[in-house]
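Let the sequences and hints guide you as you build the complete structure.
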Amino acid sequence: MGFFFTPRFVLINVIVIFQCFSLPTFAQDFDFFYFVQNWPGSYCDTERSCCYPRTGKPSADFKIHGLWPNYNDGTYPSNCDPSSPFDRTQISDLVSSMEKNWPSLACPSSDNTKFWSHEWNKHGTCSESVLDQYEYFETTLNLKAQANILQALQTAGINPDGSHYSLDKIKSAIEEGIKLTPGISCNVDGSGNSQLYEIYLCVDSSASNFIDCPVFPNSNCASSVEFPKF
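Just so you know, this note's numbering puts the end of the sequence shown at 868, numbered straight through with nothing missing.
Errors might be hidden in some of the hints.
As the list claims (entries may be wrong) - Label-pair distances were calculated between CB atoms; the ranges are: (1) Gly694 / Asp719: 28 to 36 Å; (2) Ser810 / Pro723: 37 to 45 Å; (3) Gly795 / Asp725: 42 to 50 Å; (4) Glu813 / Cys689: 32 to 40 Å.
No wet-lab data here; the hints were simulated from the structure.
Using N, Cα and C, we set each Cβ at its ideal position, and we do this for glycine too.
Printed below as a string of structure tokens:
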């Protein structure tokens with residue numbers, strides 16, 4: 639017995655096939671976020687050095703690196719939507735706060751646009767099922783306000799004065815101060831000293847709440863690390 643396909647049947651199937659191929663673009667495809675802050679003194683205290691943004695030297699505080707969608711197995715998506723490029727005009731009322739909390743220290747000096755564009759294009763576009771461009775940057779700034787890493791460290795007597803501190807003491811100070819276990823990464827200064835560089839905290843896939851990290855990045859820190867001045 640043969641099969642007869644009506645135009646309506648064909649149209650319905652074309653729509654279903656189109657929807658099946660379209661869904662991954664809009665579906666949430668990650669498990670959690672890494673919220674990453676770094677210490678500008680460590681960024682600058684390397685052989686590469688740094689350049690202050692055109693607005694001047696940033697304040698001596700941890701700065702935002704980014705909000706990065708991740709999978710529970712430690713891998714991550716990236717550059718998910720080339721059709722949604724960074725648009726500075728969409729975040730014009732956030733720029734002042736971003737210049738303070740999310741500056742670029744890369745050379746040559748800049749207005750931060752290249753840095754923010756990189757973060758949105760590589761990481762932010764992979765969270766569009768949860769956060770549009772404005773929400774991505776606004777949410778990240780709000781997370782920064784909730785997680786005062788420097789205050790937690792200084793309360794425990796850990797200060798950015800060029801001294802060396804136990805990595806375990808640094809981790810414990812952050813756990814005590816903000817009630818979250820951090821991932822910690824380090825870099826190396828011109829003399830080969832291990833420096834406190836980046837702090838990783840985790841956020842749920844809705845970008846609403848801090849959570850215990852499902853997985854941590856590999857630590858490259860020595861047991862004692864320098865906390866350089868800035």
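Verification of the hints:
Checked against the given bound of 28 to 36 Å, the beta carbons of Gly694 and Asp719, roughly 34 Å apart, stay inside it. Range check, Ser810 to Pro723: about 42 Å between beta-carbon atoms, so the 37 to 45 Å window is met. In this structure the hint that Gly795 and Asp725 lie 42 to 50 Å apart at CB holds, the actual value being about 44 Å. In this structure, Glu813 and Cys689 meet the distance hint of 32 to 40 Å, their C-beta atoms being roughly 34 Å apart.
No hint from the list above goes unmet by this structure.
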